[in-house]
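Taken in order, these protein sequences are the chains called X and V. Counted from 1, the first sequence has number 19 at position 20 by numbering that gives the first Met the number 0; the numbering is strictly sequential. Counted from 1, the second sequence has number 114 at position 115 by numbering that gives the first Met the number 0; the numbering is strictly sequential.
For the record, the hints were derived by calculation from the structure and aren't laboratory data. Quick reminder that beta carbons are idealized off the backbone N, C-alpha and C, glycines included. Careful: at least some of the hints might be erroneous.
[What the hints assert, rightly or not] List time: in silico DSSO-like cross-link candidates among lysine-lysine, alpha-carbon distance up to 30 Å:
{"id": "1", "chain 1": "X", "residue 1": "LYS101", "chain 2": "V", "residue 2": "LYS249"}
{"id": "2", "chain 1": "V", "residue 1": "LYS108", "chain 2": "V", "residue 2": "LYS187"}
{"id": "3", "chain 1": "V", "residue 1": "LYS150", "chain 2": "V", "residue 2": "LYS187"}
{"id": "4", "chain 1": "V", "residue 1": "LYS197", "chain 2": "V", "residue 2": "LYS247"}
{"id": "5", "chain 1": "V", "residue 1": "LYS197", "chain 2": "V", "residue 2": "LYS249"}
{"id": "6", "chain 1": "V", "residue 1": "LYS71", "chain 2": "V", "residue 2": "LYS150"}
{"id": "7", "chain 1": "V", "residue 1": "LYS187", "chain 2": "V", "residue 2": "LYS249"}
{"id": "8", "chain 1": "V", "residue 1": "LYS150", "chain 2": "V", "residue 2": "LYS303"}
{"id": "9", "chain 1": "V", "residue 1": "LYS247", "chain 2": "X", "residue 2": "LYS47"}
{"id": "10", "chain 1": "V", "residue 1": "LYS249", "chain 2": "V", "residue 2": "LYS71"}
{"id": "11", "chain 1": "V", "residue 1": "LYS71", "chain 2": "V", "residue 2": "LYS187"}
{"id": "12", "chain 1": "V", "residue 1": "LYS62", "chain 2": "V", "residue 2": "LYS249"}
{"id": "13", "chain 1": "V", "residue 1": "LYS251", "chain 2": "X", "residue 2": "LYS47"}
{"id": "14", "chain 1": "V", "residue 1": "LYS71", "chain 2": "X", "residue 2": "LYS47"}
{"id": "15", "chain 1": "X", "residue 1": "LYS47", "chain 2": "V", "residue 2": "LYS150"}
[What the hints assert, rightly or not] Here are the in silico distance ranges between beta carbons for each label pair:
{"id": "16", "chain 1": "X", "residue 1": "GLY153", "chain 2": "V", "residue 2": "ASP338", "range": "34 to 44 Å"}
{"id": "17", "chain 1": "X", "residue 1": "LEU141", "chain 2": "V", "residue 2": "PRO87", "range": "36 to 46 Å"}
{"id": "18", "chain 1": "V", "residue 1": "PRO87", "chain 2": "X", "residue 2": "LEU192", "range": "53 to 63 Å"}
{"id": "19", "chain 1": "V", "residue 1": "ASP338", "chain 2": "X", "residue 2": "PRO110", "range": "50 to 60 Å"}
{"id": "20", "chain 1": "X", "residue 1": "ASP175", "chain 2": "V", "residue 2": "PRO87", "range": "41 to 51 Å"}
[Unchecked claim] Some chain X residues well away from chain V (every beta-carbon gap over 12 Å; in silico):
{"id": "21", "residue": "TYR106"}
{"id": "22", "residue": "ILE164"}
{"id": "23", "residue": "SER204"}
{"id": "24", "residue": "ARG253"}
{"id": "25", "residue": "GLY308"}
{"id": "26", "residue": "LEU328"}
What follows is the residue order along each chain.
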Amino acid sequence: MSTTTEAQRPEAGSRQSAFVRGLSNALRSREIAVAAVLVLVVVLTTLKSPSFLFGGDNFRDLLVTPSILLLLAVGQTAVIITRSVDLSVGSTLGLTAYLTGKLFSTYPDLPIVVVFLAGLAMGAVLGLVNGVLVAFGRVPALVITLGTMYIYRGIFLSWAGSDRITASDMPPGFLDLGTSSILGIPILTIIALAVLAIVGYYLHSHRGGRELYAIGSDPDAATLYGLPVTRRILAAFVLSGALAGLAGVVYAARYGTVSSGAGVGIELQAVGAAVIGGVAIFGGAGTVWGAAIGAFLLVTINRALPVIGIQDFWQRAVVGALIIGAIVLDRVLSARQERKLVEERDHA
Amino acid sequence: MKFINRRTAALTALALTASLALTACGSDDESGSNGNGGGDASVTFLPKNLGNPYFDTSDAGGKKAVEEFGGKFEEVGPDTATPDAQVPFINTAAQQGVGALVVSANDPKAICDALNEASDAGVKIVTFDSDTEADCRDIYVNQASSEGIAKAQVDLIAEQIGDSGEIAILSAAANATNQNAWIELMEKELAANHPNIKLVDTVYGDDDDQTSFDKTAALLQSHPNLKGIVSPTTVGIAAAARYLSTSKSKGKVALTGLGTPNQMREYVENGTVTAFALWNPEDLGYLAAFAAKALIDGDIEGKKGDTFEAGELGEYTVGDNGEVLLGDPFVFNADNIGDFDF
């Protein structure tokens, strides 16, 4: 693709201004397009009401609120790239959030790091169950994780019942994580961004990461080529589960209250964030950077709409429109690219 | 999913209740003839479930009352608050021929047949906290009226923000009947008696911690001049308090509503919340026990206008549909929150 642009440049330069060319390139990069929409939303809302960005805790909240969804979206992206999906992350998040509260109320002196590791481990185990069923059972992940979503939620319900973890059950040092920041950036956001950077680097530059894309593009070809398909899919689900576990610990720190409803429905938001960020729902394409920006956009737009004066009830519709818009854009762009490639082939 | 669950649960419960009620029918005559001679002041409390701090508190109030009038107190109940779980306990109480059964119903219909059997066997039926259909019990002790709840919350917020400024409401689900009734009454109360308070927004947290928390943040973001938030739901007020306690608006934006002391303790102690309301479950149990005694003694029948004495709470009158109203909601603040554990 890059060679095509190089070859056409002299010709194209005369027809298109640099600006239009830049814009069309930007539109072709989904990450930049979504980021532009995000910036636009923040700027417009801030113009309408300056306190949106500058007032009180608003800047902090804009950074910290998406961090839970960001963690889930990163894990979800790794799974979706392999042409699967993980719907159980909401239940996993709820279970680990409750585990976090229980650990603290049973052992009040437990170091915070241990609780984070426990959350990661529990999430990884739950993810492993998904992975084993999907990778070895060769059953569509949609069905498997829909099943485990209800099973994990059921375990959570029978464990927690009507009990709820409240802020007084958890040590202040842990709850402070929900608000404290380093150099103006909330700690929870830093954790999420660090995870994003590691996973992003792995997917982009590491052999294992590239193989995930290969598996998602064409599973049969990947198997024929001798890629370790089963192992890679297993790893993707363990990663998704572990990140959902981490998100559960973050949830407990941020919200300070955990009841059996924690995390209901958030799995679909995670899928939505990934799709908005340009991750192809049938696998093989997309980046965690895009998914992360998608997560930021989803959360921020929910904040911005009431400020602009759009009714509570319409906000969900706007989010739905965003998702559909993203998919339509995907379709149009890939059709266009296909046509170009065909033209190119015919010329050659 | 929740909906389907509930429906299947309700259906199972109905089937179970029906079968239990049918089997109970055979033995009913015997237990009826065993009957009690009247004036037997044994009162059995049957909460929604055991191990629930709310009912521990209300039943403690009941026990106190029963000891005051020299009766025999017993507390029984299921581990989980499922619709059918209370039925065997009702049957047992009927067979034991207790004087009165004080029930918080897990389901308005599912336990009706069992209660009617017990009633035929001479047991007086008092419901409290959560009612059954009106014809399944003698008296319902209602914790608070909608008007009382609405007025208490408006009074609290008016007092906390100096009776003027912008306020917002953080409710549960947009279709929650009781919430909407309270909100409507609050709007009327504001319009009638607090012209300087402006209700600028009502948002819905769906009784979900995360949603309520984020909606609170969004409220403060969209309304920089907000002076107070009223949340007539225990989940909402706790989530809003948690957000406020971590924000720069702590102490500047007032928060009140309906909450439970255990959920709110942290925020009352750290100064985020000065006062919130709910009924006092201990008084509720106490009143229910005295209503049971009045029924056993034959002082009242549960008709409108019947009056009875309820120990230190004073005299109560039975209203429409055999309902007795506990009174105005109880206000919790830093001074008294330590006395409660539910």
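Would you pick out the hints that fail for this structure and give their numbers low to high?
2, 6, 10, 11, 12, 14, 15, 19, 22, 24, 25
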